[in-house]
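K.L.:
The residues making up each chain are set out below.
There are 6 protein chains.
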Amino acid sequence: MSQIITFGEVLMRLSPFGNKKFIQANTLEFYFGGTEVNVGLSIAHLGGKVKHITAISDDFIGDTAIAHLNKFDMDTSAIVRSNRPLGVYFLEVGAVMRPSSISYNRSHSAFSQIEPSMVDWEKALHKGHWFHWTGITPALTQGAFDTLKAGLKLAKEKGMQVSADPTYRSGLWKYGVEAKDALTELLHCSTVFIGGVNEINEVLGTDYGYTNEEFIEASKKLMEAFPTINKVFDKIRTSINASWHKIRARMWNGTEFRETQDFEITHIVDRIGTGDAFAAGLIYGLQHYDDFKSMQFASAACALKHTYAGDVNYATTDEVQRILDGNVTGRFNR
Amino acid sequence: MSQIITFGEVLMRLSPFGNKKFIQANTLEFYFGGTEVNVGLSIAHLGGKVKHITAISDDFIGDTAIAHLNKFDMDTSAIVRSNRPLGVYFLEVGAVMRPSSISYNRSHSAFSQIEPSMVDWEKALHKGHWFHWTGITPALTQGAFDTLKAGLKLAKEKGMQVSADPTYRSGLWKYGVEAKDALTELLHCSTVFIGGVNEINEVLGTDYGYTNEEFIEASKKLMEAFPTINKVFDKIRTSINASWHKIRARMWNGTEFRETQDFEITHIVDRIGTGDAFAAGLIYGLQHYDDFKSMQFASAACALKHTYAGDVNYATTDEVQRILDGNVTGRFNR
Amino acid sequence: MSQIITFGEVLMRLSPFGNKKFIQANTLEFYFGGTEVNVGLSIAHLGGKVKHITAISDDFIGDTAIAHLNKFDMDTSAIVRSNRPLGVYFLEVGAVMRPSSISYNRSHSAFSQIEPSMVDWEKALHKGHWFHWTGITPALTQGAFDTLKAGLKLAKEKGMQVSADPTYRSGLWKYGVEAKDALTELLHCSTVFIGGVNEINEVLGTDYGYTNEEFIEASKKLMEAFPTINKVFDKIRTSINASWHKIRARMWNGTEFRETQDFEITHIVDRIGTGDAFAAGLIYGLQHYDDFKSMQFASAACALKHTYAGDVNYATTDEVQRILDGNVTGRFNR
Amino acid sequence: MSQIITFGEVLMRLSPFGNKKFIQANTLEFYFGGTEVNVGLSIAHLGGKVKHITAISDDFIGDTAIAHLNKFDMDTSAIVRSNRPLGVYFLEVGAVMRPSSISYNRSHSAFSQIEPSMVDWEKALHKGHWFHWTGITPALTQGAFDTLKAGLKLAKEKGMQVSADPTYRSGLWKYGVEAKDALTELLHCSTVFIGGVNEINEVLGTDYGYTNEEFIEASKKLMEAFPTINKVFDKIRTSINASWHKIRARMWNGTEFRETQDFEITHIVDRIGTGDAFAAGLIYGLQHYDDFKSMQFASAACALKHTYAGDVNYATTDEVQRILDGNVTGRFNR
Amino acid sequence: MSQIITFGEVLMRLSPFGNKKFIQANTLEFYFGGTEVNVGLSIAHLGGKVKHITAISDDFIGDTAIAHLNKFDMDTSAIVRSNRPLGVYFLEVGAVMRPSSISYNRSHSAFSQIEPSMVDWEKALHKGHWFHWTGITPALTQGAFDTLKAGLKLAKEKGMQVSADPTYRSGLWKYGVEAKDALTELLHCSTVFIGGVNEINEVLGTDYGYTNEEFIEASKKLMEAFPTINKVFDKIRTSINASWHKIRARMWNGTEFRETQDFEITHIVDRIGTGDAFAAGLIYGLQHYDDFKSMQFASAACALKHTYAGDVNYATTDEVQRILDGNVTGRFNR
Amino acid sequence: MSQIITFGEVLMRLSPFGNKKFIQANTLEFYFGGTEVNVGLSIAHLGGKVKHITAISDDFIGDTAIAHLNKFDMDTSAIVRSNRPLGVYFLEVGAVMRPSSISYNRSHSAFSQIEPSMVDWEKALHKGHWFHWTGITPALTQGAFDTLKAGLKLAKEKGMQVSADPTYRSGLWKYGVEAKDALTELLHCSTVFIGGVNEINEVLGTDYGYTNEEFIEASKKLMEAFPTINKVFDKIRTSINASWHKIRARMWNGTEFRETQDFEITHIVDRIGTGDAFAAGLIYGLQHYDDFKSMQFASAACALKHTYAGDVNYATTDEVQRILDGNVTGRFNR
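Chains as they are written, first to last, in my numbering: chain S, 1 to 334; chain B, 1 to 334; chain Y, 1 to 334; chain H, 1 to 334; chain W, 1 to 334; chain Z, 1 to 334.
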C-alpha cells in the first residue's frame with residue numbers, strides 16, 4: 001500500500017498540569033510533537049499509511065519517542081539515530097486573555113545536525129505517493145533545508161503529490177538563507193499549497209488583503225509563479241480569547257472558489273497541533289473525496305483537535321464525519 | 001422513619017483524567033454509578049432515607065462499592081453478594097463538538113444473574129413508602145425484569161408511591177422481551193411518570209409532537225391507559241454543545257400544566273447522572289413540596305449536578321434552594 | 001531601595017483538585033494566601049520591593065510558608081515566629097451556578113495572638129515608603145487591631161503613603177470592637193481608599209447608590225470626613241455565573257472622574273485573590289503611572305489573575321501591559 | 001447487637017505524597033484519624049459494631065469526616081456538631097534514619113470545647129457492652145477529661161468491659177490537671193490495661209525494668225492498686241530504623257504469662273495508627289478468642305497495619321488469620 | 001525474519017497508586033497484560049520479532065490495548081476483534097506480610113469466546129519458528145483449549161520449537177476438562193518445559209520432592225513420557241516477604257544439570273509478570289546462547305523485572321548482561 | 001554576615017514518578033540541581049548565608065530556577081541571564097540491581113557560554129569568606145574553566161577558604177584541556193580537599209590503594225604537592241544494591257587520622273545530590289565545629305539526604321545532630 005511521507009523534527013513537549021505556570025508547578029506532562037510528525041500521526045490515526053523521516057537521539061528519550069510513533073503504527077524504519085539530544089520545548093498553557101508561552105531548546109538537537117547524506121531518499125520514498133513538508137524545517141539549519149530539498153526533488157521526479165505548508169515564523173531562519181529564496185525553491189516541487197494571503201505575500205513579495213476576491217487573485221498569481229501548484233487551501237482562525245476560537249476555511253483550485261461554515265470552539269482543551277490537524281485532514285481527505293469535501297473534512301478535523309490534549313489529533317474518520325453531518329452538540333456515544 | 005427504595009445495577013465507572021482519550025492516558029479515576037443508585041444516593045445526600053437493592057460482587061471491588069454507598073448513610077442491608085464480577089463501564093469525556101463515548105462490560109456481571117428468589121421483597125420493603133424504578137433494569141435480563149416486577153407488585157399491594165423513569169435505550173432489550181410489553185406491565189404498578197412525549201409514544205404507540213399542547217394531550221392519554229398514574233414530569237435538555245446545555249421542565253398532574261424557567265449551564269463539569277439528579281430532586285421534593293415547587297426543585301438540582309464530577313449529585317437542599325431563590329451567579333459562600 | 005509594607009495573616013489554603021467536593025476527594029492542593037500577603041506577593045512578582053509583617057507558626061508548616069514568600073524575593077526578616085499553628089482555610093471550588101465554599105480554621109492561629117509589643121515598627125518601617133492594610137486584620141482580634149494601629153500611626157508620622165482596602169465582612173468583628181469605629185480610626189492614617197459606595201456607606205453611615213454620580217458624591221463626602229484621603233478607586237464585578245465574570249473600575253481623585261472599559265473573563269480558573277490583584281496593580285501602578293493609567297493597569301491585572309491558580313497574581317508587568325494594548329485574544333507567545 | 005463504644009477527637013491528617021517534605025510539595029493527601037476513632041474504625045473493618053462519640057465541625061469538612069466514618073458502617077448518630085473547626089495535623093513521613101514529624105492544630109478545635117452536658121451518655125451507651133479510652137483525651141482539656149469521666153462512670157455502673165490505653169505524652173496535659181491523678185481516676189473504671197512498664201511506672205510512681213519478670217511484678221502491683229483491672233497487654237516495638245521495625249507482645253492475666261513471636265516489618269508503608277491497630281485487634285479478639293489468641297491476633301493486626309497507608313487498619317479477620325497461620329511471605333491471593 | 005508466536009488473553013490491569021487498597025483510593029493506573037502477551041512483549045523489548053494472537057474487544061479499550069502492543073513493535077495483524085468486552089483484572093498491591101490480591105472479570109470477555117474457526121493458523125504461523133504457550137489458556141474455556149491445540153499441532157507439523165509453561169492454577173479449569181488430560185495432549189507438541197517438580201507431579205501423577213536429585217529424576221521421567229521434550233528449566237522463588245524475594249533456576253537438558261546463583265531482590269517494585277520475564281528471557285536466550293547461559297540470562301531478566309512497574313519486562317539485553325557481569329550494585333549509568 | 005560562594009551550572013532535572021521508565025510514563029517531576037548549587041542550597045537550608053553564581057536562561061524556565069533558589073533565601077543577585085536555554089537532564093530511577101540512568105542535554109546551555117568577562121568577581125566575592133568548587137565546572141568548557149580560575153585566584157588573594165571537590169568524570173573534559181592540568185592549577189588555590197585516593201591518584205599520577213595507611217600516605221603527598229591544602233576528607237560509599245547503601249568517611253588534617261562509624265541507608269529514596277550533601281555538611285560544619293565533628297556532621301547529613309526526593313538536602317542542623325546523638329531509629333517528632 002502506498003505511503004504518505006512526512007519529514008521534520010520530533011520534539012518533546014513539557015507542560016505543567018492544567019493551567020499552571022512553571023513557577024507554580026512541580027509536576028509536568030510530556031508529549032511528543034513537531035509540526036510535520038503531528039500531521040503524520042494525525043493521518044495515521046485517521047487510517048492512512050504514513051512514514052516519518054527524522055533524526056532522533058540514541059538514548060532512552062529517543063526510544064520513547066519512537067515507541068510513541070510505533071503506537072500509531074507509523075513506519076519508523078527510516079529514522080536516523082544520533083548522539084545529540086532530542087529537542088525539547090516548554091509550554092505554559094494560558095486561558096482567556098492570558099496567552100500561552102513557549103520556550104524552545106532545539107538549536108543543537110539531534111535533528112539540527114541532519115545532512116543530506118544521512119537519508120537514503122530512494123529507499124525512503126520507495127512506496128511513497130505523497131510528501132508533506134512545512135516551512136519550519138528549512139528555517140532551522142542549512143542541513144535541514146538541503147535534506148528536505150533532496151527529498152522533494154526526488155518526489156517531483158517520481159511524480160508524487162507534494163503538499164506545502166510554508167508557515168512563516170520570523171523567530172527562525174537565522175542560519176543565513178533568506179526565507180523567500182528557500183521557500184521559492186521548495187514550492188517549485190509542490191502541488192498543493194496550504195496557506196493564505198500572508199504566506200503568498202511572503203513568497204511573492206505582494207500585499208494582497210484578506211477578502212475572498214483578493215484571496216482568489218493571490219492564489220491565481222501563485223499558480224502562475226509556481227505552475228506545479230494546482231490547489232490553494234486557506235484555514236482562517238478568529239480568536240475571541242485564548243479559550244474560545246472560530247475556524248473556517250476557503251479554497252481556490254484553479255476553477256472553483258468554496259468556503260466552509262464556521263466551526264466554533266467555545267472551550268478549548270489544547271491549541272497545539274490544530275493547524276497540523278487541518279493539514280492532516282486535508283491530505284487524508286484528498287485521497288478519498290473531492291476538493292470541497294476534503295476541505296470540510298479538514299476543517300472539522302481541525303475543530304475537533306482543539307478538544308484533545310496533546311499534539312496529535314485523536315479524532316477518527318467517523319468522528320470527523322459526525323461533525324460534518326451536523327452533530328456538533330456533543331451528545332453521548334453509547 | 002419510612003424509606004425510599006431503589007433497585008438496579010451498580011457499575012464501576014472508569015475514566016482518564018480531564019478530557020483525555022484512553023489511548024493517551026495511563027491513569028484513571030473511578031466512581032460507582034448506575035441510574036437507580038444515582039437517584040438513591042442523590043436523595044440520600046439531600047437528606048432522605050434510602051435503601052438500595054442490588055447484587056454486587058463478593059470481592060474487594062464489591063466491598064469498595066458498598067463502602068461508597070455507606071458513605072452516604074444508605075441502607076445496604078438488603079444487597080445480595082455474588083461470585084460474578086461487578087459490571088464496569090469506561091467513559092471518555094468529550095468537549096464542545098466532541099461527544100463523550102461509553103463502552104459497557106456488564107453483560108455477565110453480578111447483577112445480570114439476579115432472580116426473584118434472591119430478593120426477599122417482604123423484608124426489603126418493610127419500612128418503604130416509595131419505590132423508584134427505571135427502564136434500564138427490565139431491559140437487561142429476564143431475571144432482572146422478573147425481580148423488579150415482583151417488587152413492584154408488592155409495592156402496589158402495600159399502597160406505596162411508585163415513580164417510573166421508563167428511559168428507552170435501543171441498544172439494550174436483547175433477551176427476547178419487547179420493551180413496550182414489559183414497560184406496560186410495570187407502569188400499571190406506577191403512580192408518577194418521569195418522561196416526555198418520546199417515552200409516552202414508545203409505550204402507547206402514538207406519535208405526539210413536542211409542543212406543550214401535545215405534551216398535555218399525550219399525558220392525558222397516558223393516564224387513561226394507566227389509571228394508577230396521576231402525574232407526568234418532563235425534563236427538556238437543549239444542547240448547545242457538549243460543554244454548554246440548557247435545562248427546563250414541564251408537568252401535567254391531571255389538573256394543571258406548569259413550566260419552569262430555563263437553567264443554563266455554560267461550563268459543564270460532568271454530564272453523567274444529571275437525569276438521575278432530576279428524578280432524585282423530584283422524589284425528594286414530592287415528600288415536602290407541592291407539584292410545581294417539586295419540579296422546580298428537581299430542575300435546579302439537575303442543573304447543579306452538571307457542576308459535580310462523578311455520578312452522584314452532591315448538592316444539598318440548601319444549595320438547590322439558593323438556585324431557586326435566583327442566586328445563579330455563583331458568589332462565594334463564606 | 002524603598003519598600004512597600006504589608007501586614008496581615010498568612011493562611012494555608014487547601015482544596016481538592018479540579019472542581020471536586022471534599023467528600024469526593026482524597027488529595028488536596030495547597031497554597032499560601034491571605035488578603036494582605038496576596039497584595040504583597042503580587043506586587044513583588046510585578047517587580048516591587050515588598051516586606052511582609054506577620055506572625056507564623058514555628059514548625060515545618062511555618063518554614064514552608066516563609067519559603068513560599070522567599071520564592072518571590074519578599075523581605076521576610078520582620079516575621080514573628082509563634083508556637084501557635086498557622087491558620088488554615090478549606091476551599092471547595094464551584095462552577096457555573098454552584099458557588100465556591102470556604103471554611104476557616106484561624107481563630108487561634110499564630111497571627112491571632114499578635115500584640116503590639118511583638119512588632120518593632122520603627123525597625124520594620126525603616127526603609128518603607130508605602131503601607132497597605134485591609135479591613136480583615138482589625139476584624140480579627142483586639143491585638144491585631146492594636147498592632148495595625150501602631151504601625152499606621154508611625155507610617156503617618158513618617159509621611160508614608162497608606163492604601164486602605166476596608167473590605168467589610170460581617171462574619172468577622174466578633175471580639176467587641178465596632179467595625180465602624182475601628183475603620184474610622186485607621187482611615188485617618190490613610191491616603192488612598194480602595195473601595196466603593198458600600199464601603200463608604202459602612203464607614204460614614206450613609207446610603208449612596210451605585211450610579212457614577214452617587215459614587216462621586218460619596219467619594220467627596222469621604223474626603224471631607226477623612227482629609228488625608230485624596231484618591232478613591234472602586235472595582236466593580238458583574239457575575240454572570242461562577243465561571244464567567246466581568247470586571248471594570250472607576251475613580252475619583254478630587255478633580256477627575258474616570259472609568260475603565262469592561263474586562264470579560266469567560267472561563268475563570270481561580271477566583272481567589274482577584275481583588276488583591278487589583279490592589280496590588282494599583283499600588284504598583286501609582287509608583288510609575290498617573291492615576292488613570294494606574295487604575296487601568298490594576299483592572300487588567302485583576303482580570304488576568306482570574307486565569308492563574310492560587311492566591312497570587314503571577315502576571316508580570318509586560319503581561320498586564322499587553323492586555324492594556326488590546327491583546328486580549330490570548331495568542332501564543334513564542 | 002451490642003456495640004463497642006469509642007470516644008475521642010477526630011482529626012484531619014494532611015501529608016505530602018511519598019516521602020516529600022512540605023517545603024518541597026504542593027499537593028497533599030488527606031485522611032481522618034485520632035487514636036480512639038482509629039481503634040473504632042479498625043474494629044468496624046474487622047466486622048465489629050462500633051459507635052464513636054465526638055464533636056465535629058458543622059461545615060463541609062465535618063460532613064466529609066462523618067462520611068468517612070459512615071463508609072465503615074460506624075454508628076455516627078451520637079456525634080455532636082460544633083461551630084469550631086475540625087482539628088488538623090500535618091505529617092511529614094520520614095525514611096530510614098529520618099524521623100517523621102507531626103505538627104498539630106487542635107488546641108481550639110470542635111472537640112476542644114466538649115463538655116459533659118453535650119453528650120447524653122445514657123442514650124449513647126444504650127446498646128454498648130465495651131468502652132475503649134486512651135490517655136490522649138483526658139490530656140487535652142478539662143472538658144474532655146470530665147466528659148470521658150462521666151461516660152466511664154456510667155459504663156462501670158452498667159458493668160461494661162472497659163479497655164484503657166493510658167499512652168502518656170508529655171507535650172499534652174497543659175490545662176492544669178496532673179496526668180497521674182487523672183489516669184488513676186479513670187483506671188478505677190477499667191478492666192483491661194493496654195500498656196507496658198513505662199505506663200505502669202507513670203501511674204504507680206514505680207520504676208520497674210523491662211524484663212519479663214519485672215513486667216509480671218508490675219502487672220501484679222497494678223492489679224492490686226486497681227482491682228477492677230484483670231488483664232495487662234504490652235506491645236513491644238523494636239525500631240531498626242524509620243522504615244524497618246519489629247513487633248511482639250506479652251501479657252499477664254492474673255494467672256498466666258504469655259509472649260508472641262516477633263513480627264518483622266522490613267518495608268514500612270505507614271507508621272501512624274499501628275498502636276491503635278493493636279488495641280483494635282485485642283478488643284475484637286477478646287470477643288471471640290481466649291486471651292493468648294487475642295494477643296496474637298492483635299500483634300498480627302498491628303504488624304499488618306504497617307502495610308496500609310492512612311490511620312485505619314484495613315486488614316480483615318481473614319487477612320490477620322492468615323498471618324497467624326504462618327503465611328508471612330506475602331504470596332498472591334487470586 | 002522468523003517470528004516467535006504467543007497466544008493468549010490480553011487483560012486490562014487496574015490498580016490504585018502505591019500500596020493503597022481500593023477502598024481507600026479514587027484513582028487508578030492501568031496496564032495491559034496476560035501471561036502469554038507479557039512473555040511476547042518482554043521478548044519484543046529484548047529485540048525479538050514477536051506476533052501475538054488473541055481476541056480483543058472492538059471498542060476504544062481494544063484500540064488502546066492494540067496501541068500498547070504496537071508500541072513494542074509487536075505484530076498485531078492476526079488479532080481478532082470481538083463485540084465482547086476486554087477482560088479486566090483488579091490488583092491490590094501488598095507489602096511485607098500483606099499479600100497482593102487479584103480479582104478477575106474475564107469469564108465472558110472477548111477472548112472467552114474464541115473458537116478454532118476464528119484463527120487462520122496457517123497464515124498466523126507463516127513466518128513463525130517458535131511457539132510459546134502456558135497452562136492458563138487451556139484452563140479458561142473449551143474454545144480456548146481447542147484453538148490452542150489446533151495451533152500447537154500445526155506448529156509441531158512445521159517442526160517449530162514449542163515452549164510450554166504449564167502453570168497449574170486450581171481456581172481455573174472449570175468448564176469440564178481435566179487439567180492433567182489437557183496438558184498431556186499439549187505437552188506432546190512441546191520441546192521445552194518451563195516448570196518444576198510441582199508441575200511435573202501434576203502432569204505425571206508422581207510426587208517428587210524438591211532436591212536437585214529428585215528434580216533430575218522427575219525431569220528424566222517427564223522426557224520419557226513426552227519424548228518431544230528435551231529441556232526442563234525450573235525457576236525457584238524464595239519469598240522472605242511480599243517486598244523481598246530471592247530467585248534462582250536449575251535445568252536438566254538430558255545430559256547436564258546446572259544451577260544459577262541466587263538473585264536477591266530486596267525492594268520489590270512490582271511482582272506481576274516476573275515468571276513471564278523468566279520465560280521471555282529463556283526463549284530469547286535460546287536463540288542466541290547455550291542452555292546454561294540462556295538460563296542465567298532468564299534468571300537475571302526475571303530478577304530485573306521486579307524493579308519495573310507494569311506487566312512487561314522493560315529490561316534490554318544490555319541491562320540483563322550487566323547483571324550477569326556482576327554489576328548488581330545498581331551504580332549510575334551516565 | 002560573611003557568605004559562602006558557590007559557582008556552577010544549574011540544570012533542570014526531569015524524571016517519571018516513582019520507578020517508572022520514560023517509555024512507560026507520561027508525566028514527569030522536575031527539580032533544579034547541579035553539583036555546586038546543590039552544595040549551596042544544602043548549606044543555605046542548614047542556615048548558612050550562600051551566594052550562587054551561574055548563567056541561567058532568560059525565559060520562564062530561568063525565572064522558575066531563580067525562584068527555586070530564592071526559596072532557600074540564597075543570594076541570586078550575581079546570576080547572569082542568557083538567551084541560551086537552561087541545561088536539562090533526564091533521570092530514570094533504578095531499584096535494587098537496576099541502575100539509574102542519566103541523559104544530559106547541557107552542551108549548548110546558558111552556562112556553556114559563560115566567559116570570565118561575564119562575572120564581576122570583585123563584586124561577587126565582596127562579602128565572601130569561603131569558595132566551593134568542583135571538578136564538573138572546569139570539565140565543561142574553556143570558558144567555564146577560565147571563569148572559575150579567575151574567581152579562585154581572587155579568592156586566594158583575599159585569603160578565603162577554598163574547598164575543592166575534584167570529582168573526576170571521564171565522560172566530560174572534551175574541549176581540549178587535560179583534566180590533570182586544569183585541576184592542578186585550581187588546587188593550588190584550595191585549602192580543603194574533598195576526595196579520596198582515586199582523586200589524589202588522578203591529580204598526582206600515583207596509584208595508592210584503599211587502606212587507611214595508603215590514604216594517609218596519599219594525603220601527605222597531596223599536601224606536599226599543594227601546600228595550600230591542609231585537610232583531606234574522604235567519603236566512602238558501599239553499595240549493596242541501588243536501594244541499599246552504606247556511608248562512612250575518613251580524614252587526614254596533617255596531624256590526625258579519624259574515621260566515622262558506618263551509616264546504613266536500607267531504603268534509599270533519592271541518590272542524587274548525596275555527595276553534595278556531604279560537602280555541604282562539611283563546609284557548614286567547619287564554620288562551627290572541629291575537624292572530626294565536622295566530618296561526622298557531614299556524614300550524617302549525607303546519609304539523611306538519601307531520604308529526601310530531589311537534589312537538595314532538606315535536613316536541618318537539628319535533624320543532623322539527632323542522627324549524631326544516635327537517634328537513627330526514626331522515631332516520631334511530635
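Heads up, a few of these hints could be off.
When chains are identical, the list treats them as one kind, so a pair holds in a single copy or across two.
[As the list claims (entries may be wrong)] DSSO-like, lysine-lysine: derived pairs with alpha carbons at most 27 Å apart:
no.	residue 1	residue 2
1	Lys127	Lys49
2	Lys123	Lys49
3	Lys246	Lys127
Everything labelled a hint here was simulated from the structure, so no lab data went into it.
K.L.:
Determine for every hint whether it applies to the structure shown.
P.N.:
Comparing the hints with the structure gives:
| no. | hint | verdict |
| --- | --- | --- |
| 1 | Lys127 x Lys49 | both (10 Å within a copy, 22 Å between copies) |
| 2 | Lys123 x Lys49 | both (16 Å within a copy, 22 Å between copies) |
| 3 | Lys246 x Lys127 | neither (38 Å within a copy, 51 Å between copies) |
Consistency note: the structure conflicts with earlier hint 3 alone.
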